[in-house]
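With the sequences and hints as input, model every part of the structure.
Protein chains in written order, with this note's numbering: chain A, 763 to 813; chain B, 22 to 742.
Some hints could be false.
[Claimed, not checked] Incomplete in silico selection of chain B near chain A, CB under 7 Å:
{"id": "1", "residue": "S71"}
{"id": "2", "residue": "T91"}
{"id": "3", "residue": "I94"}
{"id": "4", "residue": "G140"}
{"id": "5", "residue": "F144"}
{"id": "6", "residue": "M150"}
{"id": "7", "residue": "S153"}
These are calculated hints, taken from the structure and not from any lab test. By construction, the Cβ of each residue, glycine as well, lies at the ideal position given by its N, Cα and C atoms.
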Amino acid sequence: MDILLYMIPIALLLGFIAVLAFSWALKSGQYDDLDGASQRVLLDDDVEKPE
Amino acid sequence: MEQRDADNLSSQRRTLSALEGFNALVQTDASGVHTLKVYVDGIHCVGCISIVESTVQALGESIEARLNVTSSILSMKWQGHATFAQEAAQALQEQGYSVRPVMLESENTELKFLILCMGVAGFAMGNVMLISVGLWITDAETMGASMRLFLHWVSALIAVPTLLFSGRPFYMSALKAISHGRTNMDIPITVGLFLTVTMSFFETLTHGEHVYFDSAVMLMFFLLVGRVLDMKTKSSANESARNLQTLLDGFARVVEKGKVKSIPLTQVKKGATLRVPMGERFPLDGTLLSDAIEVDTSIITGESLPVSFKADEKVYGGMLNLGDSVEITVTHTHDEGALHRMAELVSSSSTVRSRYTRLADKVSRAYTPVVHFLALLAFVFWVGVGLPWQQALLISITVLIITCPCALGLSVPVVHVRAIGQLMKKGIFMKQGDALERLAHIDTILFDKTGTLTVPRLSTALCDNVLSLLASVASHSRHPLSGAIVRAYTGELQIVKNISETAGRGVEGVVNGKVIKLGSASFVGAKKSASGMWTKIGNDEAFPLTFDEGLLPNVKMQIQILKDKGYDVVLLTGDYKKAAEKISKELCINVVYSQQKPTDKMKVLESYQNDNKQVLMVGDGLNDAAVLTHAHASLTPASASDLARTQADGVYVSEGIAAVAETLRIARRSQKLIRGNIALSALYNVVAVPIAFAGFITPLIAAVSMSASSLVVTLNALRLK
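Structural data, given as structure tokens:
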């Protein structure tokens with residue numbers, strides 16, 4: 763069971779990184795336009811077709 | 022032909038001069054990068070995103086353009102000339118999107134804050150649960166007391182910071198209530214959360230077993246999800262109230278010494294002379310200097326048929342000039358104008374609804390003092406009996422936790438969720454649960470006329486051939502009169518080519534090689550200049566179409582049903598007295614208010630509210646928006662204006678008003694179930710509190726009894742049909 767002594771801190775660290783990533787995403791405006799984000803996936807990328 | 026070209030040219034110049042104003046709004050930073058944000062009207066689909074962005078980007082290199090679909094704001098960033106703003110606006114208008122300056126942009130910081138709190142609570146919940154599952158499936162003997170202590174400490178490490186961070190919305194709301202001398206549901210939630218975590222922390226310190234970090238974090242997360250959803254609905258409503266003010270161009274054409282200048286609306290002074298070209302809205306309130314042949318007054322009166330105005334008559338900002346270019350003298354500045362006042366009414370926060378005390382809050386008013394008194398009593402009792410104070414405190418806190426607002430907190434929302442789900446199946450979409458509570462108390466119903474009870478109906482008799490041609494073209498237009506033509510024709514529509522619509526003027530298209538025009542007299546090229554809708558088929562002579570109004574299906578029966586159930590039914594319309602009386606006679610409605618402007622409608626509403634009537638407003642127009650906001654409860658048809666839809670409590674899809682009676686029925690029924698639920702959770706407390714008081718509660722009993730009580734109220738809610 764000693765493995766828990768490593769695994770739990772690792773899990774917490776990962777969770778903490780996820781929280782940081784989330785708050786960064788929120789601050790950088792990624793949650794400002796929820797309607798647009800769901801529609802943009804339907805747009806084609808501007809990739810030129812190979813001849 | 023020459024005349025037409027000249028017209029086109031002058032209209033282009035006109036738009037150019039109006040767009041010049043955008044150049045002044047550009048912001049430039051030190052490195053020469055210009056930025057500008059503009060509202061873009063008419064964003065409907067994914068295609069619009071790419072058209073708008075690529076249109077602007079195609080104008081030059083290294084131009085950034087990003088469209089926010091939610092708020093319809095386009096952010097542009099570029100280097101070079103500031104006058105690019107005008108070019109971009111011009112290019113977008115050529116694509117058919119109208120562009121307006123952003124006057125009031127507010128960042129919704131409150132919503133962001135709630136999302137952040139919810140996100141953090143969500144992550145914490147996931148991690149705490151991971152550990153709790155380990156704690157639940159085994160006991161201290163199997164895993165060892167030290168391992169259990171370790172897991173408790175890890176839970177504490179996650180729960181305590183989360184409680185301090187994510188619980189802030191509740192603490193702030195609770196503090197605010199206390200400082201105003203009120204109570205709300207957030208007070209027991211705050212006390213419960215803090216006590217649960219504090220007690221769990223001391224239990225962990227003293228190697229005990231009463232550790233409930235997981236329940237505290239989970240309760241907080243679920244409550245926050247509810248708050249975020251609630252806030253999202255509210256903020257979208259405010260957004261459209263702000264949009265109402267920018268319905269106008271944001272600029273006005275002021276005539277000074279024979280020259281026309283485009284200046285921002287807010288700077289126009291009283292007495293200035295404004296020019297309003299055809300197809301544009303009057304920017305401010307004023308008196309006409311010459312006759313205006315056709316004006317679309319729907320924003321103020323809600324009527325879809327154009328009205329003609331004479332010189333010296335008063336026009337209101339927001340009305341649409343359908344006739345030739347006219348000039349007005351400004352009588353009210355932007356801040357005093359009718360449209361501005363309407364927007365203020367809509368966004369004002371002191372509505373009946375905000376003053377309304379929700380049932381849950383009423384219950385908490387009685388519940389909070391009783392529970393806290395019981396907990397105190399338990400502590401005093403056990404200390405008096407001779408127990409050490411730590412143990413007495415533990416018992417008194419258990420009393421608080423066992424009565425924790427779980428079942429009580431759930432008893433209202435589960436019924437609301439069920440009722441909203443049932444209504445949705447019937448095509449009625451409620452935005453907030455509390456609306457159901459308010460709907461249950463309604464005794465008076467105000468109906469708007471046009472669009473709610475009646476629709477325009479084509480009264481010109483036409484043969485099927487002609488009607489088929491007209492309906493095919495009209496089906497491409499969203500104008501209410503086009504809808505009337507489409508409704509009049511029951512056959513199959515034909516294919517239309519080269520369709521084009523000019524806002525405020527008309528629509529034209531080619532069917533079987535014939536050009537069909539529908540619109541104002543000048544649009545179709547009639548010889549006479551007259552008001553009303555005209556049509557021209559191929560090279561035939563143009564002729565006018567006439568309309569009257571017809572009742573929506575089953576309206577008469579539904580009004581009778583509502584009257585039989587004891588509701589007072591009132592007609593409240595912006596239309597003329599004659600038209601209003603005709604409809605009210607047909608529907609047997611005795612109380613009629615006609616020729617009501619939005620502010621008059623508000624006065625009627627207030628007079629009812631002063632008589633302590635609980636008013637339901639059913640209306641669809643922009644002019645109803647204020648009443649929809651301030652009435653006790655409100656419903657609007659799905660065909661209503663955007664603003665009406667965001668301000669109303671509920672939107673119904675079905676034609677006619679059958680939804681009104683159904684919504685009222687479900688609202689009353691759900692109110693009964695809520696009372697039943699509150700009684701059930703009170704019963705649960707009557708049983709559980711003495712056990713807690715006696716000090717017999719173990720973590721297992723607590724978990725089982727809490728979930729059992731939640732389950733009972735949920736099952737009770739499912740009885741709603």
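So, against the hints stated earlier in the document, which numbers end up violated here?
Hints 3, 6 and 7 contradicted; others consistent.
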